[in-house]
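Visitor: Add chain B to chain A, keeping to what the hints say.
Residue numbers (the numbering used here), protein chains in the order written: chain A, 46 to 424; chain B, 12 to 268.
Derived DEER-like restraints, expressed as beta-carbon distance ranges:
no.	chain 1	residue 1	chain 2	residue 2	range
1	B	His262	A	Val238	44 to 52 Å
2	A	Gly103	B	Glu120	45 to 53 Å
3	A	Arg168	B	Met122	52 to 60 Å
4	A	Ser102	B	Asp180	31 to 39 Å
5	A	Ser281	B	Leu190	43 to 51 Å
One side only, chain A facing chain B, incomplete, derived with CB under 7 Å:
no.	residue
6	Asn137
7	Leu143
8	Phe145
9	Phe162
10	Arg167
Simulated from the structure, these hints should not be mistaken for laboratory data.
In this text, all values refer to a predicted model and were calculated from it rather than measured experimentally.
For each residue, glycine too, the CB sits at the ideal point set by N, CA and C.
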Amino acid sequence: MATSSTPPFTASEQSLSSTLPTIDIRGIVRRHGAVTAVDRVSFQVRRGEFFSILGPSGAGKTSVLRMLAGFEDPDEGDLLIDGQSMLGVPPNRRPVNLVFQSYALFPHLTVFENVAFGLKMRRVSSALVDEQVRQALTMVKLLGKETRMPAQLSGGEQQRVALARALVNKPAVVLLDEPLAALDQQLRQAMQVELKSIQERAGLTCVCVTHHQEEAMMMSDRIAVMHQGRMWQVGSPREVYERPCNLFVSRFLGVSNELPGTIDVSSGEDRLFQPADNEQAPLRVRFVGTEQAGRSATLSLRPEHIRMAQERPSTSDPVLSGEIEKVLFAGSDTKYLVRVGHDRFWETRMTSNASSSLFSVGDPVFLHWSPTDARLYFE
Amino acid sequence: MRRGSTGLSLVSGLAMLFLYGPILVLVLYSFNAAHLSTAWRGTTLKWYAALWHDEALLAATANSLLIAVISTLGATVLGGLMALGMERMPLRRQQIIESGLALPLVIPEVMMGVALMLLFVTLKMPLGLTTVMLGHIVFNIPLVTIMIRARLRKLDPALREAAADLGADSWQVFRHVTLPFLRPAIWGAVLVAFTVSLDDFLVTFFTAGPGATTLPLKVYSMIKSGVTPEINALSALLLVISMACVAVSLHLQRREV
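Bound-form chain B, shown alone:
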């Protein structure tokens, strides 16, 4: 047992290093004073300061946030309604829809991006912020539905019966029993959807038009003219925001009764 666990720690340590090493390097270099990244020339915060004066970058950030907020809202409402609706269906149909829901999560995102682009072009919708939002809503619905469904399954049916028995109509049952019970899962889903939307590159790339540049798209275009420490700083910031969202989401879900 003791000997086995030493080997196990070694392997897990290496795996963690492999996973987080590059990220660690990136964050470290965002504090590097050197212009050409590889050599260390002392610590600085000037790259973070530079971010604040980059108009194009700020515009991209604003786009990203707007898209994330609207698409999260849309996906949460639609995905939540989907989860509630599915629950009333016969079991067989629920299973069919469930496998359909998992599909967008497993098909290559490139395909999803191309498919959405083709759809919007066919519908003669000009590519822009709206199409990006719609695209993000599409890939976030399954996430939201699956998370809310998981919580809904834990709701004791007797609770809703008890509410009805005490005089609550179906809206009041939802308002006073189902919704409070789902609240942690809803917040969890909101934060995950928000993070996924903020980080998304592929679907955004195919559905964004001119003027709809998001943060990941902006980073990509900046990299084409060489890796600058400014990108490191930006990435480090994104990383912190994403991690915070995920941490809050996990915390909320763990607190479920």
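Same shape as in the complex, but just chain A:
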């Protein structure tokens, strides 16, 4: 790319006002018959942000995306893009472009014609179409494949065409519906990196729907977790992963090692948590709040916060005793399934090296962690 010219796609080109959120969704509700697919969802997306809506299938995330694209209308609430309400605006008049899960490439058109489609609909002059399609194809590294038909391309290439076809129009928002779901694992990981770098280079504002938590965390600036039509938590990947607002979010974003119990008396700055399984000693916990003693709660801990020891460590940190149930070698990591109660197993991880061979099935083991790493959820 010539150094003197401006990059082909920049957020500033489309900016109306830098303070205005690009997307502003206010309490939208969407019903399918008796089912409420989307229930009073509100969120904002800033310009240039990569925003992911994460949730299991049937969470209502695709409905949100389709309402942004204009294929569905909300039953209640409002939906603004660049400050303008999109209610009643048909898909062809919205400043958004959708990358379909199935790619939805036009099978009878070449790669070039597919990418040029949006420009042609807007009657852009053919010289300009040519130039912009080339820029878009350069961006997704598909230059030279203009005359191919979609059926002649690999899955990854089709994905790039779909992406180029959306971003050539310089939309205010690119909507991504499970963009990498159809790719195999290796290609998927490569495309995550590439999609993210294209987004950053072009300054695209993206809303991405996915059920893949790792993908969402790797690519997003912020993540919204949806479940049963509700949006439970919105925050940076780190926030949502490390400080999930409830057990559902905690379990959906990663492994959540849980232990039911009750809050006990205070111990200085910390409080004590008595596991329901009385054979375990009370554990020190730290949390903000004024919950009364005797209140039942569930303690949750991510695997990477847990350290394992063969001997009971001499520490004031919380310690849980258990027994190695299974050792799962997973390449660079080894996972351990530790029995910490009658029917309760925790998962811990260790880097696969010499020290990891210290533990084998049936060994007694002591799990300990810092009180600040554990989270408590009250019922």
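Guide: Relative to chain A, chain B alone:
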């Protein structure tokens, strides 16, 4: 498996012979030099030549072609619009219309012919080329609709959404996505409708008036004065045209992506 397939080939061979034997005989005899068909008196092309000098036969051919072209055009437009319109209806209504569509295909064609004749007479329309064309449009609409609908069902709804998302209004979506996708099915339907119209006897018989004699009607009237080798030649030609149409139609539909 081996033994079973020998028996199977035998039965299918006999069935094919039963189906195509008469046609084969007809084609063979169109090259027979004999005037009275049964005995073989050497090969000739004179019956084909004779066709070219039969004014009445040529007029009937012209009628048949005109009727086939116009009725195919009418049926394709109407049937195609029907298929597109049906798609937007609630499923229940689509099913009702679909069974209604199948009806003209299964009711005896004689009934259809008589019914159409009665209709035209009631409307005081003089029977002629126009009424034959209308009759052919009627029985070709279901064929066209069913063929185009079958293709339309295979169209991924995401393609049309993608076009709309990229700025196409509903006409542009039709023009740039739906129509190109339907093209093979439309051509297939055109050729089938054309063939059916060209071959039709019953509906034509009841709806044609004087001066609207088509090829099948002409053949029928020629046969009343005895089977001549000329008819064999004519039939052989019709057969070739029909088969060509069907072959092209099948080819187009197989090429669907």
